[in-house]
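J.: Sequence:
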Amino acid sequence: MKLRRRAFAATAVTALLGLSSLTGATAVAAEDTAATGYVALGDSYSSGVGAGDYDGSDCKRSANAYPQLWRTANSPSSFDFPACSGARTDDVLANQLGALNSSTGLVSISIGGNDAGFGDTMTACVTQGESACLERVQQARTYIAQTLPGKLDTVYDAIRAKAPSAKVVVLGYPHMYKLDGNCSVGISEKSRAAINAASDDLNEVTAKRAADHGYSFGDVRPAFSGHEICSGDEWLHSVTLPVDESYHPTAAGQSGGYLPVLEGLA
Numbered sequence: 001m002k003l004r005r006r007a008f009a010a011t012a013v014t015a016l017l018g019l020s021s022l023t024g025a026t027a028v029a030a031e032d033t034a035a036t037g038y039v040a041l042g043d044s045y046s047s048g049v050g051a052g053d054y055d056g057s058d059c060k061r062s063a064n065a066y067p068q069l070w071r072t073a074n075s076p077s078s079f080d081f082p083a084c085s086g087a088r089t090d091d092v093l094a095n096q097l098g099a100l101n102s103s104t105g106l107v108s109i110s111i112g113g114n115d116a117g118f119g120d121t122m123t124a125c126v127t128q129g130e131s132a133c134l135e136r137v138q139q140a141r142t143y144i145a146q147t148l149p150g151k152l153d154t155v156y157d158a159i160r161a162k163a164p165s166a167k168v169v170v171l172g173y174p175h176m177y178k179l180d181g182n183c184s185v186g187i188s189e190k191s192r193a194a195i196n197a198a199s200d201d202l203n204e205v206t207a208k209r210a211a212d213h214g215y216s217f218g219d220v221r222p223a224f225s226g227h228e229i230c231s232g233d234e235w236l237h238s239v240t241l242p243v244d245e246s247y248h249p250t251a252a253g254q255s256g257g258y259l260p261v262l263e264g265l266a
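Mapping to the numbering used here: the sequence shown position 252 is 252, numbers consecutive.
In case anyone wonders, no lab produced these hints; they're calculated from the structure.
From a predicted model like this one, the values you see are computed outputs, not experimental measurements.
The calculated DSSO-like cross-link candidates involving lysine-lysine, where the alpha carbons are at most 30 Å apart (straight line), are:
1) K208 <-> K167
2) K151 <-> K208
3) K151 <-> K167
4) K208 <-> K190
5) K162 <-> K151
6) K208 <-> K162
With these hints in hand, go ahead and build the complete structure from the sequences.
T.: Written out as structure tokens, the structure reads:
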């Protein structure tokens with residue numbers, strides 16, 4: 001009887017050791033197949049409008065955009081770049097999420113500026129004077145406070161559903177202007193301050209929604225400090241031809257402003 005018990009015990013130990021080895025092998029295999037692909041979602045600040053060297057599509061994806069720079073530096077197992085000029089939250093939902101899957105290990109996104117009417121606001125400020133500018137900025141700030149949070153929640157929920165293993169980095173927007181800077185012409189100082197305040201609202205709302213979804217928020221305002229319009233060392237375009245590059249980061253803004261923030265969080 002004792003021999004049988006000892007034999008059973010030995011068999012059990014052997015089985016447990018075998019199971020432990022199998023579990024370890026499974027863990028190694030799982031680690032080897034970890035999600036490592038990178039998908040860059042978002043609007044023109046992510047596609048790289050203003051940075052030149054575009055892909056020829058209407059989305060104006062630039063070879064100098066921070067997603068392309070991060071890809072070159074880090075060599076992810078796969079790379080998809082559906083970010084597109086002019087994109088709003090609804091466009092991300094309709095046109096960009098197809099690139100996400102269980103193998104996606106990193107997602108970056110900037111979104112929300114177009115929902116709040118960034119382009120229309122800047123047009124009003126440049127062409128219609130201070131009063132119209134301040135009115136339009138206030139409309140944008142109201143939208144950011146009341147409507148944008150729900151729009152962001154829908155996008156962030158959809159990203160998690162499509163890419164459950166991904167690290168998600170949500171990138172914000174810089175201040176447009178250095179106040180009391182060296183611009184002698186252009187919109188009024190009061191208008192510049194209002195635009196910067198709207199940018200603060202946009203960043204604060206975006207950061208809160210990102211945090212509530214467990215995502216990292218990349219605040220690019222410190223990186224762009226000293227490089228705003230009117231700084232004398234601008235990483236942002238003022239009014240340009242073609243006009244769609246106006247108020248977007250230059251190639252230096254992508255590499256010196258956005259890329260380091262993504263690198264620090266990815």
